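Q: Based on the sequences and whatever the hints tell you, model everything.
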Amino acid sequence: MSKLRLEEARVSVPIAQAHAQAVQVLRANGCDAKYAEAIVDHLIDAELCGVESHGIMRALQYADELRRGYLVANLIPNVTSGSNATVDVDGAGGIGILAMNAATDAGIVVARKHGVAALAVRNVGHTGRLGAFAERAADAGCLFIACGGGARERWRMVAPYGGSKAVLPTNPWCLGIPGGAQGPVVLDCATGQVAGGWIYAAKRAGATLTEGSIVDSSGHPSTDPADYFNGGAILPKGGVLGYGLATMGELICDAMLGPATLECNTFILMVDTGLYRAKSSLQNAAEAILDELRNCPPAPGFDRVEVCGEREQIHRAQTSVLRLPARTWEALVTHQ
Numbered sequence: 519m520s521k522l523r524l525e526e527a528r529v530s531v532p533i534a535q536a537h538a539q540a541v542q543v544l545r546a547n548g549c550d551a552k553y554a555e556a557i558v559d560h561l562i563d564a565e566l567c568g569v570e571s572h573g574i575m576r577a578l579q580y581a582d583e584l585r586r587g588y589l590v591a592n593l594i595p596n597v598t599s600g601s602n603a604t605v606d607v608d609g610a611g612g613i614g615i616l617a618m619n620a621a622t623d624a625g626i627v628v629a630r631k632h633g634v635a636a637l638a639v640r641n642v643g644h645t646g647r648l649g650a651f652a653e654r655a656a657d658a659g660c661l662f663i664a665c666g667g668g669a670r671e672r673w674r675m676v677a678p679y680g681g682s683k684a685v686l687p688t689n690p691w692c693l694g695i696p697g698g699a700q701g702p703v704v705l706d707c708a709t710g711q712v713a714g715g716w717i718y719a720a721k722r723a724g725a726t727l728t729e730g731s732i733v734d735s736s737g738h739p740s741t742d743p744a745d746y747f748n749g750g751a752i753l754p755k756g757g758v759l760g761y762g763l764a765t766m767g768e769l770i771c772d773a774m775l776g777p778a779t780l781e782c783n784t785f786i787l788m789v790d791t792g793l794y795r796a797k798s799s800l801q802n803a804a805e806a807i808l809d810e811l812r813n814c815p816p817a818p819g820f821d822r823v824e825v826c827g828e829r830e831q832i833h834r835a836q837t838s839v840l841r842l843p844a845r846t847w848e849a850l851v852t853h854q
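In this text, residue positions in the sequence shown follow this note's numbering: the first is 519, and each later residue adds one.
I should point out that these hints are in silico values taken from the structure, not numbers from a laboratory. As the structure is a prediction and not an experimental result, all values here were calculated from the model. Each residue gets a CB set at the ideal place from its N, CA and C atoms; glycine is no exception. Careful: at least some of the hints might be erroneous.
[As the list claims (entries may be wrong)] Using C-beta positions, here's what the derived DEER-type ranges look like: (1) Pro-815 <-> Pro-739: 29 to 35 Å; (2) Ala-806 <-> Gly-587: 52 to 58 Å; (3) Ala-803 <-> Gly-600: 41 to 47 Å.
A: Set out below in structure tokens:
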């Protein structure tokens, strides 16, 4: 499932060992144990899902950001609920995973009370894999819709459709809904052809990227992550579609929520699906739709048709040991 094209070996690392090492790295850079554990739980789950771009290599990024003072350790996100089903979450300048955990928990409570919840998450570092929060909300019976944006002054990464220079961040969109018998259905994607995390992962691992992901500083196609860091750009996912979604994310999370102070702001809308249909009725209807998709004959070159989020679920269920790029694991073990 990895998008990295490695020319060197990976190493097998027991999950518990990888978890303990990543926690140690964060604690060495100021994180209290309980916060480090919560952050690494999220990163390990991303690895189990096969999403290396948001996995354990992020512990190295967070440690560096804490050491430089870009982020602050151990500050508790400030959650403020309004009287009209709104929730504001101030991440206090810390690692965004903690703020997103708090936002998801608060959103579920508010959506159950009011039927809907609209949340703004601001003043945060990297927020992790959005799909994890969508899964949790969907498991609680909520529709989850989120987008990120507002940080283009700091993170100009994606070229607009028809453009040759990076202007927008990889503003992500994520949707999750209670599904059929196999659990929530989650769509989690960057609006760039590749998430920025994959480029950092490729650089750290000494890997190349898939064709059609980036262009160099002259606008020519490239697979070398170094070309991106030397003035290149990520291409928008699906051309005008990714460009349009990225633009909407920037308008929602910047024009509406205000400019981001650190990483992207996140806007989340959660809806109690029980407003429209009983749980069993929704599950049966969802299963019928998903069965139609899964039973579609595969096109040449495909083994079968998958539904959104299924690959991550299967990868998680089948993974008992992590296969990490050797350079990434070495960096974690030797990190000071």
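Q: State for each hint whether it applies.
A: Results of checking the hints against the structure:
Checked against the hint of 29 to 35 Å, the pair Pro-815 and Pro-739 passes, with Cβ atoms roughly 33 Å apart. Roughly 53 Å separates the CB atoms of Ala-806 and Gly-587, a value that falls within the hinted 52 to 58 Å. Taken as a hint, the range 41 to 47 Å is violated for the pair Ala-803 and Gly-600, whose Cβ atoms sit roughly 33 Å apart.
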